[in-house]
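Student: Residues per chain, in single letters:
There are 4 protein chains.
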Amino acid sequence: MEIGIAGVGRIGKIHLENILQRFPDIDVTLVADPSEEAAAYVHEKNLNFSYNYEDIVGNKEVDAVIVCSPTNTHADFVIDAAKAGKHIFCEKPLDLSLGRVKEVLDMVHHSGVKLMLGFNRRFDPNFLKIKSMVSSGKIGDPQILKITSRDPGPPPISYVKVSGGLFMDMAIHDFDMARYIMNKEVAEVYAKGAVLVDKAIGDAGDIDSALTTLVFEDGTMANIDNSRKAVYGYDQRLEVFGAEGMLKADNNFPDNHQYYGTEGIHGSLPLNFFLERYTTSYLNEMDAFFKAIKNNAEMPVSGDDGLEAMKIALAAKISIRENRPVSLNEI
Amino acid sequence: MEIGIAGVGRIGKIHLENILQRFPDIDVTLVADPSEEAAAYVHEKNLNFSYNYEDIVGNKEVDAVIVCSPTNTHADFVIDAAKAGKHIFCEKPLDLSLGRVKEVLDMVHHSGVKLMLGFNRRFDPNFLKIKSMVSSGKIGDPQILKITSRDPGPPPISYVKVSGGLFMDMAIHDFDMARYIMNKEVAEVYAKGAVLVDKAIGDAGDIDSALTTLVFEDGTMANIDNSRKAVYGYDQRLEVFGAEGMLKADNNFPDNHQYYGTEGIHGSLPLNFFLERYTTSYLNEMDAFFKAIKNNAEMPVSGDDGLEAMKIALAAKISIRENRPVSLNEI
Amino acid sequence: MEIGIAGVGRIGKIHLENILQRFPDIDVTLVADPSEEAAAYVHEKNLNFSYNYEDIVGNKEVDAVIVCSPTNTHADFVIDAAKAGKHIFCEKPLDLSLGRVKEVLDMVHHSGVKLMLGFNRRFDPNFLKIKSMVSSGKIGDPQILKITSRDPGPPPISYVKVSGGLFMDMAIHDFDMARYIMNKEVAEVYAKGAVLVDKAIGDAGDIDSALTTLVFEDGTMANIDNSRKAVYGYDQRLEVFGAEGMLKADNNFPDNHQYYGTEGIHGSLPLNFFLERYTTSYLNEMDAFFKAIKNNAEMPVSGDDGLEAMKIALAAKISIRENRPVSLNEI
Amino acid sequence: MEIGIAGVGRIGKIHLENILQRFPDIDVTLVADPSEEAAAYVHEKNLNFSYNYEDIVGNKEVDAVIVCSPTNTHADFVIDAAKAGKHIFCEKPLDLSLGRVKEVLDMVHHSGVKLMLGFNRRFDPNFLKIKSMVSSGKIGDPQILKITSRDPGPPPISYVKVSGGLFMDMAIHDFDMARYIMNKEVAEVYAKGAVLVDKAIGDAGDIDSALTTLVFEDGTMANIDNSRKAVYGYDQRLEVFGAEGMLKADNNFPDNHQYYGTEGIHGSLPLNFFLERYTTSYLNEMDAFFKAIKNNAEMPVSGDDGLEAMKIALAAKISIRENRPVSLNEI
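Residue numbers (the working numbering), protein chains in the order written: chain S, 1 to 331; chain P, 1 to 331; chain D, 1 to 331; chain B, 1 to 331.
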């Protein structure tokens, strides 16, 4: 299989390195990125490079594209790739506008190519284990899901301004996780937000802390708490409570030492951010993408999954603005 | 100090045994309870007994009363005890009617006696530790509190019907805990409930599962999840997240063994219900009550604490009924 | 049942308080202790008191005696009590001389009274759980036992000098635990000791640190490590490895909080010393003693158990002195 | 840097894959292995291949060799490589004969090339953390080290027969770890062994279970327990106790889920064997090897380290045979 990679910023590099190191039967035919830094990086790896994303779509050898360019380029690029008959892995979101996302998905659907969204956390070994145990009925009907999702520190204000806000940028992963673990659709959202970390985030029109209640179609519930700043590091946990038991997933740690001193027992902090915590999930998701293409199977994360998570994020934004529960039907 | 105990059902017996065993300088002058079973139990201990609660109030030797009689007797008894100048420890709630509670508190206030409400969980060693660390500033400003509070199994339907409902009967402890840990007043409540455990609970007009969001005056938040049935036992945990760190309290366990077998690593379930889990807290709260009387100090849990928790419970009930956030000002 | 208590120092007080608080059907007929401090303590409890241990043996009402007097009084007192037909609970050891212990046990045996030795750790909930799981075959044949047993700090040198040494005074509990968990007899002992904590302990002819290897009759093995000083508190753990699995028992803790700060994750130290760690085991062992008398059943810890642990301690002392493995047959 | 790899069995493949994937500046110039399977494997990777190990030594481009061929080829190959001026990474042991090892080390010493032994566990993140904390004085003087080292299942009897026995083949890693963590030399060894897992191992002249006591030059101590069969998987833990604290390292796990069911709390078993548990350590050790060459620095695991661990293993064998402590001076 031959692939093209659009964008080799932080996340694009992860995918590129993973593919080079772990997928010997995947050929990286072309990497495109408008930046000089990217050009140097790619040349050092002896790969073909272009400053123009569109060269990937125009390359007839390319079977599939990995889209890691900025969000505002996603929609156009995905539509072009689909028209060119190339399978697509795209980092979330497809676009910040719901209408535009629907257009893209319609287009992709008609083109017949496969599209996978980059909700990488689904492929984290801990969450995979929880998912598998819930699916196998270990806890009976899942009733209450609780997700903790906190970043070690806020992004730059410049990023905050174009991010789409905490729900669209950060919590959207948790909304997807909620649908994934519960295997049900969300019917209603109530969110409460606050600016507790940095006033500048509030000045930029966003929040930095949130508690969100999701109600599923059958009346079961989820709670998600988000913060842009956990001083002890990246905090990514969940627990799901069901009629027959409960499942928990903890953070991952760089080591498992324990130190017993005169002041107490001490251990290491969790792995600090997503590159460290989700190393395996990035690898697993790429593997899943290539396998789905090879086996002509359904993508494990579809464009509709992205759409649904986005609807929840939009409902959460309205909920905060109007201080009321918002039905997904309104979106 | 001489005390009288009104009611020696499940909780009254705990207090009586604790006092007899651990408080040698407290004399149990009279125990009252209308039941024959109680009479036999008290006679066996060679204590004075009456079938009539009012005999406690009428006994001039009695300095303080422990009120463990049914909820519907609390208000009258507390008022009579206050008029008789006796200090009062009363199991929650003072009454199921907010107006009546206010009357009782007014009366108690004017009488000058001390009143302590039985929010025993405040005295659990784990929660005490968390409280003390939050107070000492270990986590900076507390921003998000999460409480898990699940019973091992639902009470009988007959009890459900007179209990005041899940919020007034069960979650009220968690509402008090939220105020205690955060040391702030709740401004707004949003609750979502469901009948997921037993339809009969729904038929009785109650819910058996709930997710409640509390917003404090300063915009910080708490989430509480309740279930009437956790098959793995009594689940009583909390975590509080702040600007400078996070604190967690786990359940207590009957032992700490770990078994490594071919199927995994196994440990014991949490202590099964409140009598086992909160053994120490019951002892500590009685100690706190007697100490406050001896030292003429403020009670660690006041009548107003009961009132505030009750308001939150009432707001939660309205929130579910009307599916909207409810301001505490409305109550 | 009427009992007498000989000696109300630290451990005698524990037993007395436990009996007064938790065993309402046991009457404490007489307490004896030569000290003025003890006299005052006992009078305050309105119990009969004598300065002379022998008054207990001479009291016809007394059915059973609890021996908590200094070690050098144990043998004579136990013999007198046995002659007087009284059942005996005796703190370990019966005597520091093996020959004398054998005499006492012979005498007790012929008298027909029941004798229980105070190896209280057998009644700790964690070790009870391990014992029960080993007995039920959860790990198949136990092959390797590892015991960690460390004190928070060394006793005064004056005590060290009369204690019988680290093996006879401290490790003897672990030797008993090894026989209890493995349910086999020890055939050979190899011990290595060192003075790593305090030179004064070495000057007193003792060691403060030791590693002991026990070989059981069937070739299975145990390792015990002892230290007189763990700066982080009392460390009492074990693990037993078998053909079908492994079991571990950890320390107990005053609370289970976890604090996540910028420097790591922190928890409380273990309960600091035996009075706190073994609170429940002291209660359980007294219960077992009274029950065995009432039911005319075998004592759960016999005089022979004390003898066997003592032999292992003596073998360990020889092993260190002669730097060689010592067969129990030599003792 | 150009390297040659001698032997691509299980461990050789790990090193080869790690180098190809993670060390882009290291060129694999030649791989040699007498087997057809290896030939096919290497050709698939488009690398140069020879059936003859000696071709690596003869290749002038090769700067360094990775020796993963069978133990009985190590000594000759290392000597030849040293004579040819190539740096050497060699899996342990250099040879099963102490005299031969000394010859090889002498030869290597005179040649001036660098030699690193494959004690990969030194590079495990958990043990690295412990080592670093011990070195920085976190626990003061280390006094007692305890190592648990158990395999999930025994190797084939054919392997047992040529392995050099449990101490030389398996425990030698633990002996190295003991020297590494304690940073002291061993003065005396006492070992006790047994055949508890499989009689056939005993018939082959070996043991499958052992408890070993190490005494260091300064009187501090270590205990190591080994078993060839832990039904719950690969068990690799240690704890080191010192004057100022204690450090523990636990196993690694495939995930960190916890399941609360009606029977207890359950978690996953440890990673099953060395390829999974020590994935990172294999990578780290190769990195350390290349770095030491590039920086012309001392190798982090020297030939003498291999020699010392081997002496301890030989002393342990004598100790079991003669049932006595054996001084390292005897070896």
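Heads up, some of the hints might be wrong.
Unchecked claim - Calculated cross-link-like contacts (lysine to aspartate or glutamate; reagent style DMTMM-like; alpha-carbon spacing at most 25 Å):
1. Lys129/D / Asp287/B
2. Lys248/P / Glu276/D
3. Lys294/P / Glu276/P
4. Lys129/D / Glu276/D
5. Lys248/D / Asp250/B
6. Lys199/S / Glu17/P
7. Lys291/D / Glu17/P
8. Lys229/B / Glu217/D
9. Lys129/P / Glu276/D
10. Lys45/B / Asp25/S
11. Lys45/D / Glu244/P
12. Lys45/D / Asp63/P
13. Lys13/D / Asp27/P
14. Lys13/S / Asp27/B
15. Lys129/P / Glu217/D
16. Lys248/P / Asp25/S
17. Lys199/S / Glu244/P
18. Lys13/S / Asp287/B
What the hints contain is simulated information worked out from the structure, not anything from laboratory work. Remember, it's a predicted structure, so these values are computed and weren't measured experimentally.
Student: If you draw a straight line from the CA of lysine 13/S to the CA of aspartate 287/B, is it 25 Å or shorter?
Tutor: holds, 22 Å
Student: Are the Cα atoms of lysine 248/D and aspartate 250/B separated by 25 Å or less?
Tutor: holds, 13 Å
Student: CA of lysine 13/S to CA of aspartate 27/B, is that 25 Å or under?
Tutor: holds, 23 Å
Student: Quickly compare the C-alpha distance for lysine 291/D and glutamate 17/P to 25 Å and report which way the hint goes.
Tutor: With Cα atoms ~22 Å apart, lysine 291/D and glutamate 17/P stay inside 25 Å; holds.
Student: Sort out whether aspartate 25/S lies within 25 Å of lysine 248/P, counting only the CA atoms.
Tutor: violated, 47 Å
Student: Hinted pair, alpha-carbon criterion (25 Å max): lysine 13/D, aspartate 27/P. Please report holds or violated.
Tutor: Holds - the C-alpha atoms of aspartate 27/P and lysine 13/D are around 23 Å apart, at most 25 Å.
Student: Tell me if the straight-line CA distance from lysine 294/P to glutamate 276/P falls inside 25 Å.
Tutor: violated, 29 Å
Student: Does the structure keep lysine 45/D and glutamate 244/P at a Cα separation of 25 Å or less?
Tutor: Violated: lysine 45/D and glutamate 244/P sit about 50 Å apart, past 25 Å.
Student: Check whether the Cα positions of lysine 45/B and aspartate 25/S lie no farther apart than 25 Å.
Tutor: Given pair lysine 45/B, aspartate 25/S holds - Cα atoms ~11 Å apart, limit 25 Å.
Student: Could you grab the alpha-carbon distance between lysine 45/D and aspartate 63/P and see if it respects the 25 Å cut-off?
Tutor: Holds. Lysine 45/D to aspartate 63/P sits at ~23 Å (cutoff 25 Å).
Student: Would the hint linking lysine 199/S and glutamate 244/P be met if the CA-CA limit is 25 Å?
Tutor: holds, 17 Å
Student: Are the Cα atoms of lysine 248/P and glutamate 276/D separated by 25 Å or less?
Tutor: holds, 23 Å
Against the hints set out earlier in the document, violations occur for numbers 1, 3, 6, 11, 15, 16.
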